[in-house]
Amino acid sequence: MEEKPFRVITGDITTVALGTTFNINSDENAGTEVALTSGNVVVTVPGVEEQIDSLFLHPGEMVFSAMGSDRLLKSTFNIDEKICWKDGVLLFRDADYAGLINKLEHWYGVTISENKLPTEDWSFNGKFERETLENVLISLQFGHAFSYEIDGKNVKLKF
403 MEEKPFRVIT GDITTVALGT TFNINSDENA GTEVALTSGN VVVTVPGVEE QIDSLFLHPG
463 EMVFSAMGSD RLLKSTFNID EKICWKDGVL LFRDADYAGL INKLEHWYGV TISENKLPTE
523 DWSFNGKFER ETLENVLISL QFGHAFSYEI DGKNVKLKF
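Going by my numbering, the first residue of the sequence shown is number 403, and it counts up by one from there.
Note that these hints are calculated values from the structure, not bench results. Heads up, a few of these hints could be off.
As the list claims (entries may be wrong) - Per label pair, the in silico range of CB-to-CB distance:
hint : residue 1 : residue 2 : range
1    : PHE548    : ALA468    : 27 to 35 Å
2    : LYS558    : PRO461    : 36 to 44 Å
3    : THR439    : THR534    : 25 to 33 Å
Stated by the list, open to error - Restricting the straight-line Cα-Cα distance to at most 30 Å, the calculated cross-link-like pairs of lysine-lysine (DSSO-like) are:
hint : residue 1 : residue 2
4    : LYS555    : LYS529
5    : LYS476    : LYS529
6    : LYS558    : LYS505
7    : LYS518    : LYS555
8    : LYS560    : LYS518
9    : LYS558    : LYS484
10   : LYS488    : LYS505
11   : LYS558    : LYS529
12   : LYS488    : LYS529
13   : LYS505    : LYS555
14   : LYS484    : LYS555
15   : LYS505    : LYS476
16   : LYS484    : LYS406
17   : LYS529    : LYS406
18   : LYS529    : LYS560
19   : LYS558    : LYS488
20   : LYS558    : LYS518
21   : LYS505    : LYS529
22   : LYS505    : LYS518
23   : LYS558    : LYS476
24   : LYS529    : LYS518
25   : LYS484    : LYS505
26   : LYS476    : LYS488
27   : LYS555    : LYS476
28   : LYS476    : LYS406
29   : LYS529    : LYS484
Quick reminder that beta carbons are idealized off the backbone N, C-alpha and C, glycines included.
With the sequences and hints as input, model every part of the structure.
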């Protein structure tokens with residue numbers, strides 16, 4: 403029987419698994435991120451196969467491709483922080499307001515709007531294990547002055 407590699411095609415990139423565990427996060431607006439936790443993967447962009455040597459990932463390395471781009475940005479990451487989602491852990495490290503809102507929307511499947519943007523800079527650190535959205539918002543209120551209303555899948559923040 404001929405062996406065929408396991409391929410994951412997301413957005414504009416292809417990931418080939420070579421006996422491994424990895425995390426792929428693809429956002430239709432931002433792009434695709436491939437983070438390797440063990441084993442090996444090769445990440446390619448269709449039509450850019452000649453870059454294959456530089457796109458071989460080792461554990462603790464990741465590649466990001468912005469949507470519509472053929473450029474791949476390689477970097478390192480903390481493995482535990484990157485895969486904690488699979489254990490129901492929502493983790494923030496120096497999250498700014500936009501990053502925090504984006505992560506909350508994806509995590510809880512909600513749309514968050516505000517009456518105006520906050521005036522102060524946000525840098526939030528926190529770890530939530532299987533917490534409700536309301537409990538996370540209450541925690542955020544300890545460091546930032548706002549109120550909120552939750553109506554189904556819509557959340558309104560008031561600053």
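**Request:** Starting from LYS529, check that the Cα of LYS484 is at most 30 Å away, please.
**Result:** holds (13 Å)
**Message:** What's the verdict on LYS484 and LYS406, does the C-alpha distance respect the 30 Å limit or exceed it?
**Reply:** holds (28 Å)
**Message:** What's the verdict on LYS529 and LYS560, does the C-alpha distance respect the 30 Å limit or exceed it?
**Reply:** The hint holds at about 23 Å.
**Prompt:** If you draw a straight line from the CA of LYS529 to the CA of LYS406, is it 30 Å or shorter?
**Reply:** violated (40 Å)
**Request:** Would you mind confirming whether the straight-line C-alpha gap from LYS555 to LYS529 stays at or under 30 Å?
**Result:** Answer holds: LYS555 to LYS529 is near 22 Å, not above 30 Å.
**Asked** Keeping to a limit of 30 Å between CA atoms, is the pair of LYS555 and LYS476 held or broken?
**Response** violated (35 Å)
**Message:** What's the verdict on LYS488 and LYS505, does the C-alpha distance respect the 30 Å limit or exceed it?
**Reply:** Holds, at about 15 Å.
**Request:** Sort out whether LYS529 lies within 30 Å of LYS558, counting only the CA atoms.
**Result:** holds (22 Å)
**Holds or violated: LYS558 to LYS476, with C-alpha atoms at most 30 Å apart** = It is violated: about 36 Å lies between the C-alpha atoms, which goes past 30 Å.
**Asked** Are the Cα atoms of LYS558 and LYS505 separated by 30 Å or less?
**Response** holds (16 Å)
**Message:** For a C-alpha distance cap of 30 Å, please report whether LYS484 and LYS555 respect it.
**Reply:** holds (26 Å)
**Asked** Regarding the pair LYS484 and LYS505, is the alpha-carbon distance no greater than 30 Å?
**Response** Holds: LYS484 and LYS505 sit about 13 Å apart, inside 30 Å.
Of the hints listed earlier, those the structure fails to meet are numbers 17, 23 and 27, in rising order.
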